[in-house]
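Novice: Chains as they are written, first to last, in the working numbering: chain E, 8 to 466; chain A, 8 to 462.
Simulated from the structure, these hints should not be mistaken for lab results. Mixed in with the good hints, there may be bad ones.
Stated by the list, open to error - With a straight-line cut-off of 16 Å between C-alpha atoms, the simulated EDC-like cross-links for lysine to aspartate or glutamate are:
1) K332(E) to E323(A)
2) K351(A) to E110(E)
3) K154(A) to E118(E)
4) K443(A) to E323(A)
5) K114(E) to D318(A)
6) K324(A) to D222(E)
7) K332(E) to D286(E)
8) K351(A) to D378(A)
9) K144(E) to D243(E)
10) K395(E) to E130(A)
11) K453(A) to D286(E)
12) K384(A) to E169(E)
13) K324(A) to E169(E)
14) K114(E) to D378(A)
15) K114(E) to E323(A)
16) K154(A) to E200(A)
No experiment lies behind these values; they were computed from the predicted model shown.
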Amino acid sequence: MKSLVMRSLLTLHWPRGRASLGRASLSGLLALIVLALAPQLASATKIESIRTPAGIEVWLVRDPTVPLIAINFGFRGGSAQEPQDKGGAINMMGSLLDEGAGEVDAKTFQERLERGAIELSFTAGRDTFRGSLRTLKENQDEAFELLRLAMNEPRFAPDAVERIRAQIVSRLQRQSTSPNEIATKTWWETAFPGHPYGRPSNGTVESIAKVTAADMRALLKRVLTRDTLKIGVVGDIDAATAARLIDRAFGTLPAKGDLTPIPDVTMQGIGKRIVIDLDVPQTVVQFGGLGIKRSDPDFMAAYLMDHVLGGGAFSSRLYREVREKRGLAYGVSDQLLWLYHAAVHVGGTATRNDATKDTIEVIESEVAQMAKDGPNADELEKAKTYLKGSFALGLDTSTKISNQLVSMQLDNLGIDYIDRRSALIDAVTLDDTKRMAKRLLNGGMLLTVVGRPQGVTSK
Amino acid sequence: MPHSLKHALAAALAVMTVTLAATFHADAAPNVSHFSLANGLDVVVIPDHRTPVVTHMLWYRVGAADETAGKTGLAHFLEHLMFKGTEKNPQGLFSQTVSNIGGQENAFTSSDYTGYFQRTAREHLKMLMEFEADRMTGLVLTEDVVKPELQVVLEEQNMRVANNPGARLSEQMEAALYLNHPYQRPIIGWRQEIEKLTRDDALAFYKRFYTPNNAILIVAGDVTAEEVKTLAEATYGKVARVTEVAPRHRPQEPAQIAARTVTLADARVTQPSVQRYYLVPSYTSAKPGESEALEVLSHILGHGANSRMYDTLVVEKSIAVSAGAGYSGSALDDTRLFVSGTPKPGTTLAQLEDAIDAVIAEVIQNGVTADELTRAKTRLVADAVYANDNQGTLARWYGATLTTGGSIEQVQGWTDRLKAVTAEQVRDAAKRWLDKRRSVTGYLVKDSQTVERRP
């Protein structure tokens, strides 16, 4: 709640925002099949798959404990769908959907959201466009009506477009001198030159300047369509009501989208190190290399291997060597990222300028060691128990569950994934992880380094 | 639209907000229990049976404001060192065990409290309690673990503050807002003092403050009060009191009589901004009803797209990219209410500041409308319902309240007290507390030459 904001800075023991197996946690279901979320959740939470009268599939978890409803939804098509010179257009579009729609002007729209304590937001990724809605049960009709208006009849009124444009430009300008942002942007540009994945998904000051209302209307029509829509609904709502409200909000969206085919691509730049000078006391290092598609049969083996290398909080090799033993950094981690047309592993750390050389050497040495020998049996066993045990932690709020229901559908994990999940983890052998370590890490990494590091140069 | 753009507060101020809430309609309220053990440990149990997960938190009533002058950063440094092991559970065993069972953990330090938590499947609760009770008094520190951890903390300071112009300004503004109270110190510490912290400093601080009678155990999740009581008595109950802890009487602020300004120039600033902190009462230091009025006031003034500041400065006058306000009510002593704004190109910081002052003056003079009051209260009360969906949020709310001098009843009565706020009280709060003489205004600029001299 905005109220009771804690006084001042809260410092944390570990950095937040580590990778979790969230996106790989739940499974797919077909109509009318009811399964437990996971074996250990047997009596707690059930997913139902329902099909609405308009033919929209919805995954529903009914839970009357708290009088609220959380909805998450996703469409296929993100920033990779933007015209090349209009980078950031879909993110900008998402920022404008609640700025007036139909007969409702921006101010009234916002007032209606607040009056109903309705939370509505949209997020553009590289491959997907997602939204979330949270409402008190008593305001469910108003919430879905506002959602319908936002997606079906957004105004893109000139004053709102310019206001949002100014906000995005301001943020991009602020990011332009942030070492983290520079390191990330440079890493993706170098890994995917000439590919949509190489462009910053929120655009640039120049590209945002070019985005018009017509561009955003065109993207809306191409992307927000029923053929790729995935929905998760959680909370105090029955199946019939969910079907009625979903049809109200989504039933009039176009049936078919118009997505530009995106070519599959392998990351480039492995072996390169790019140093960018910035006058800051602490150098930011982003590193990464090849990853693995979510659909690859070896995905779980790679995931476990990467967890040993740089996942979790306390347990990883990078953590132990970089932070615990040498005190070189506050945070260091690595994670797998899987897109629809490429896959990478990426990690990062930040260290004082005069320790950057040592830090990079330690990280590269650990990655090389992992590539050579893979995890050991004890590490693999612990990674397995971690992944199995942490499953339920991502499912303890309605918002988290609805988010997972959609990720799981977008990842196309299959109807029986829940039943198979633990077995999939257990089936991974030490040799599998060694094979994955070689496949992903053997060639080395691409590094971007931003700061005033001593003794570190581009190569 | 992204929340962050409309409100644009947190990043600039380096404030980590924790969404907290109150109790709700009786039928939705969790059945919160509260009891104390013989050794003085307070226990709060927040049942949530939807998922077989438990959140186990131990909070100590000690934070950066309880440090001795010259030793800033010590509360936070000790928090880091608490992960270094005990005689019974040597280095790393606790964390390794939590990780091996798929649990999550972290710890945090504020000005008023320090907390440690784990989230795991419910069946591991007893083990968590055994580990946490053990490290309440059993910490073992050697130089070879203390030294690298000090470097880690210095890197954390680099990351959070030194590398971040907005955070550097916030630090300077806090120091200027408090003339006498230790809230003037950064929680992470001043760098030259962090560098000199030692193992002995950490152990002395530990022995002074880490004792069951200075701690609060909060367990939220798939548990009952009865089982938590049994487990707590079998684990924490066996820890003897280490010491009596003195009442937390910190040096208080004198009458503040002069508006202050602070300018932070950093070549990396591409987007100048202005912000102001007002010294205001906290939930603990306020008179009855005053904090709730400040809560409503800050919401109407600067929370979201319907707020006075956003509507006037961003939409109507179109001179700002973002504008907002917030109240940090959860504190033992007087806290702050802040307003902030980022100008559009073509608007100077002085012009934006004048416009912010005009918005504030309008509220002081004419108060808020009945409609604004209703919307603000609806929104704030609904947040309490939403909080019920998140056991971690509820646990943090109780923890923060109880470690800043509040009570269980204060948490549970929050919704009713908020609903009782009148338009008159909101205007009175604005009139009384939005007084520039009790404030510091900060400018974040690329080059200090660019700050216009005010007439």
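Novice: Now tell me, hint by hint, if it's right for this structure.
Specialist: Status of each hint after checking the structure:
1. In summary, the hint linking K332(E) to E323(A) is not supported, as the alpha carbons are separated by about 56 Å, beyond the 16 Å threshold.
2. Between the alpha carbons of K351(A) and E110(E) the distance comes to roughly 29 Å, so the proposed pair goes past 16 Å and is violated.
3. The straight-line distance between the Cα atoms of K154(A) and E118(E) is roughly 54 Å, outside the 16 Å bound, and the hint therefore fails.
4. With a C-alpha separation of about 25 Å, the suggested pairing of K443(A) with E323(A) is violated against the 16 Å cut-off.
5. Between K114(E) and D318(A), the direct Cα distance comes to roughly 8 Å. Compliance with the 16 Å bound is thereby established for this hinted pair.
6. Between K324(A) and D222(E), the direct Cα distance comes to roughly 27 Å. Violation of the 16 Å bound is thereby established for this hinted pair.
7. In summary, the hint linking K332(E) to D286(E) is not supported, as the alpha carbons are separated by about 28 Å, beyond the 16 Å threshold.
8. For the hint linking K351(A) to D378(A), the alpha-carbon distance of about 29 Å lies beyond 16 Å, and the restraint is violated.
9. Note on K144(E) and D243(E): the hinted pairing holds, with a Cα-Cα distance of about 7 Å set against a maximum of 16 Å.
10. A threshold of 16 Å between alpha carbons decides the hint, and for K395(E) with E130(A) the separation of about 14 Å falls inside it, so the pair holds.
11. Taking the CA atoms of K453(A) and D286(E), the gap is near 13 Å; set against the 16 Å cutoff, the hint holds.
12. Pair hint K384(A) plus E169(E) does not hold up; C-alpha atoms about 31 Å apart against a cutoff of 16 Å.
13. The suggested pairing of K324(A) with E169(E) holds, with an alpha-carbon distance near 13 Å, which does not exceed 16 Å.
14. For the hint pairing K114(E) with D378(A), the CA-to-CA distance comes to about 14 Å; that is within 16 Å, so the pair holds.
15. Note on K114(E) and E323(A): the hinted pairing holds, with a Cα-Cα distance of about 11 Å set against a maximum of 16 Å.
16. The straight-line distance between the Cα atoms of K154(A) and E200(A) is roughly 15 Å, inside the 16 Å bound, and the hint therefore holds.
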